[in-house]
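S.K.: For this one, chain A is given, so just place chain B on it according to the hints.
Read top to bottom, the protein sequences are chains A and B.
Read left to right, the first sequence gives residues 1 to 138 (my numbering).
Read left to right, the second sequence gives residues 1 to 559 (my numbering).
Since the hints were made in silico from the structure, they are not lab data.
Some hints could be false.
To be verified - Calculated lysine-lysine pairs in the PhoX-like style (CA-CA distance at most 25 Å, straight line):
(1) K23(A) with K463(B)
(2) K517(B) with K475(B)
(3) K445(B) with K23(A)
(4) K131(A) with K5(A)
(5) K105(A) with K131(A)
(6) K105(A) with K475(B)
(7) K82(B) with K103(B)
(8) K184(B) with K100(B)
(9) K23(A) with K5(A)
(10) K83(A) with K105(A)
(11) K475(B) with K103(A)
(12) K4(B) with K45(B)
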Amino acid sequence: MGERKIRVLIAKPGLDGHDRGAKVVARALRDAGMEVIYTGLRQTPEQIVTAALQEDVDVIGLSILSGAHMTLVPRVMELVREKGLTDVVVFVGGIIPQEDIPKLKALGVAEVFLPGTLLEQIVQAVRQIVKRPLGTSE
Amino acid sequence: MATKEATSHLEEALNRWEQQTLQPTLARLPERAAEFTTTSLRPIKRLYTPLDIQHLDFERDIGFPGEYPFTRGIHPTMYRGKLWTVRQFAGFGTAFDTNKRFKYLLEQGQTGLSVAFDLPTLMGLDSDHPLSEGEVGKCGVAISSLEDMEVLFEGIPLEEVTTSMTINAPAAVIFAMYLVVAEKQGADWKKISGTIQNDILKEYIAQKEWIYPPEPSMRLIVDTIAFCTQEVPRWHPISISGYHIREAGATALQELAFTLRNGIEYVEWCVRAGLDVDAFAPRLSFFFNCHNDFFEEIAKFRAARKVWARVMRERFGARDPRSWMCRFHTQTAGCSLTAQQPYNNIVRTTIQALAAVLGGTQSLHTNALDEALALPTEFAAMLAVRTQQIIAHESGVVNTVDPLGGSYFVEALTSEMERGCYEYFEKIDAMGGMIAAIERGFPQKEIQEAAYRYQQAVDRREKIIVGVNEYVLEKEPIEVPILYIDESVAEIQRERLRRLRARRDNARVQRTLEALKEAARGTENTMPYILECVRAYATLGEICDALKEVFGEYQEPPF
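This is chain A alone, in the form it adopts within the complex:
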């Protein structure tokens, strides 16, 4: 009972091994008082959504720098819907061309963070979007 900590899954889908951003963001969210699970490298969309379900997270943060986001993010969003994770907020961070941002948002991605985003902006965005009322956790 009481206010549960925001639970975040940080994942790196695809083959990209550049995990600096993912790890820095994971640590910043943790320092901001959230519970953060980092899946490690090269997770398939299936593995990510399964982990999100098992860990009962509020947020999935996907970090992609390889350009594969228009294949991997739609797949994650599809699985999120299939598994009924309708309350879960999805963020994307990485090297994302401007013109893909509206496309990702149309898929239901809450926010896209580009290189140069301050940690504080990410922490604020997560807090604002995840407004879990008191005492709603199991």
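M.R.: Quick look at chain B alone, frame taken from chain A:
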């Protein structure tokens, strides 16, 4: 460098200056910050004087270019004799697309090629592997077989152009493909020249595109080095890379220390395999990053040469002066570029490129302005090449050797870098070497910590990033054009692979793969066997899988 008497005189003079000139100014006008630091967050003093370099002996520590310890450069005349190689990293889509970009860059005056492979290729996966979905041709060119490699270098004479290939875990296979293309062009292996990155240790530390565990990976590297020493004597079989270590968040010192320590590890393994150090050391090369902090970067390059020369001569007993030389390629820092106000990236890259040149690099890649958004467009790539040409032909910095040598500040920073390296070497040696250090996550944790500290400094605006945490625009006035890699690339690749597998002699492919596995189980050099697989048109994925059967796969330890 100074006598005791001169030193005490200078100390007195400095004291007097501080009391009489500095203090009244500080009382009236305090400095902008309590502490000034480099990009790596190392403290910088207000003023450097001969006192900061009094521990240096000119001939021993700074010396003359082209002579031990090469602090001032590996060539006596440096850029007065020959400019650095303009080597822009390029690769995207199919081999056809990249072949066209290569020819464009050569027409623009680029003097060497540098191949970027896509992630499936870097991981030793064919374009039609399920894990390759969405990644084919995206951040590099897709190469799955000799057939792709033939297209990649079609119409490019390999005896005349030098090629650098950024490939690590499957480096031996990609190199074998290159050699077979050369062979088919009728080129003499003894005459071709270039570099394969082939640096697996930095993969475990930073870039994280690995296949096999460390020990068999090291064996493949020793095999390629030994093979080159015999068969491809002008080839650089390894480019020991700090670039990715820096991009992962390391400080300048961490980049330098971990890279050189990785170099030590490779030399140790080769020597243990029975190679004579002077037979291969002149063909080792390095690859560094160049970030924004102008003087810190210049000092890093000068220290690199000095430390490596000492390591090769004292630790390994190399006798050939060419074995002592740290030759390196430099790339400006991708991680310093911003998606915000992207045209600012041209300015950042110019400053970084200038530091690389003042640091004495042999080869340079300047990043394009759009790289925080996507792969470079043709226009952005040309502008990046022009940046180097302007430095080379208009700035005048190339007209004398090591123009910053003797600067109190630069020499003091160079010494600090040098000292910092030996401290890291001692720690890693005490852990039992680099592989043991990697297994316990030592360099990884050091880098993660540095990355976080840096980001916090940016968040707190202790470090100003123009357009990001200061001088921010609500709305970007100009949109930058983007290079788009279409999903049709993957379809073309899958179709080419289907046809290749139907056309080739599959029994021969199987035989060559079996022979390779047999060699991998033993101690023979694997290169001739990999070459046979390639000649039979076995795919990259098939060859890497064969080795995986014998060597196993690497799992990152949790930390």
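S.K.: Does the alpha-carbon distance linking K23(A) and K463(B) stay inside the 25 Å limit?
M.R.: 20 Å, holds
S.K.: For the pair we were handed, K184(B) and K100(B), check the Cα-Cα distance against 25 Å.
M.R.: The hint holds at about 20 Å.
S.K.: Check whether the Cα positions of K517(B) and K475(B) lie no farther apart than 25 Å.
M.R.: 58 Å, violated
S.K.: Regarding the pair K82(B) and K103(B), is the alpha-carbon distance no greater than 25 Å?
M.R.: 23 Å, holds
S.K.: Given the hinted pair K4(B) and K45(B), is their alpha-carbon gap at most 25 Å?
M.R.: Within the cut-off at roughly 23 Å; holds.
S.K.: When you check the alpha-carbon spacing of K475(B) and K103(A), does it fall within 25 Å?
M.R.: 19 Å, holds
S.K.: Do the alpha carbons of K83(A) and K105(A) lie within 25 Å of each other, as the hint requires?
M.R.: 20 Å, holds
S.K.: CA of K445(B) to CA of K23(A), is that 25 Å or under?
M.R.: Status holds; Cα separation ~11 Å.
S.K.: Holds or violated: are the alpha carbons of K105(A) and K475(B) at most 25 Å from each other?
M.R.: 19 Å, holds
S.K.: Straight-line Cα separation of K131(A) and K5(A) no greater than 25 Å?
M.R.: Between K131(A) and K5(A) the Cα gap is close to 11 Å, so the pair holds against 25 Å.
S.K.: Below or equal to 25 Å on CA atoms is what counts here, so check K23(A) against K5(A).
M.R.: 19 Å, holds
S.K.: Checking one constraint from the list: CA of K105(A) to CA of K131(A), max 25 Å. Satisfied?
M.R.: 19 Å, holds
The structure shown violates just one earlier hint, number 2.
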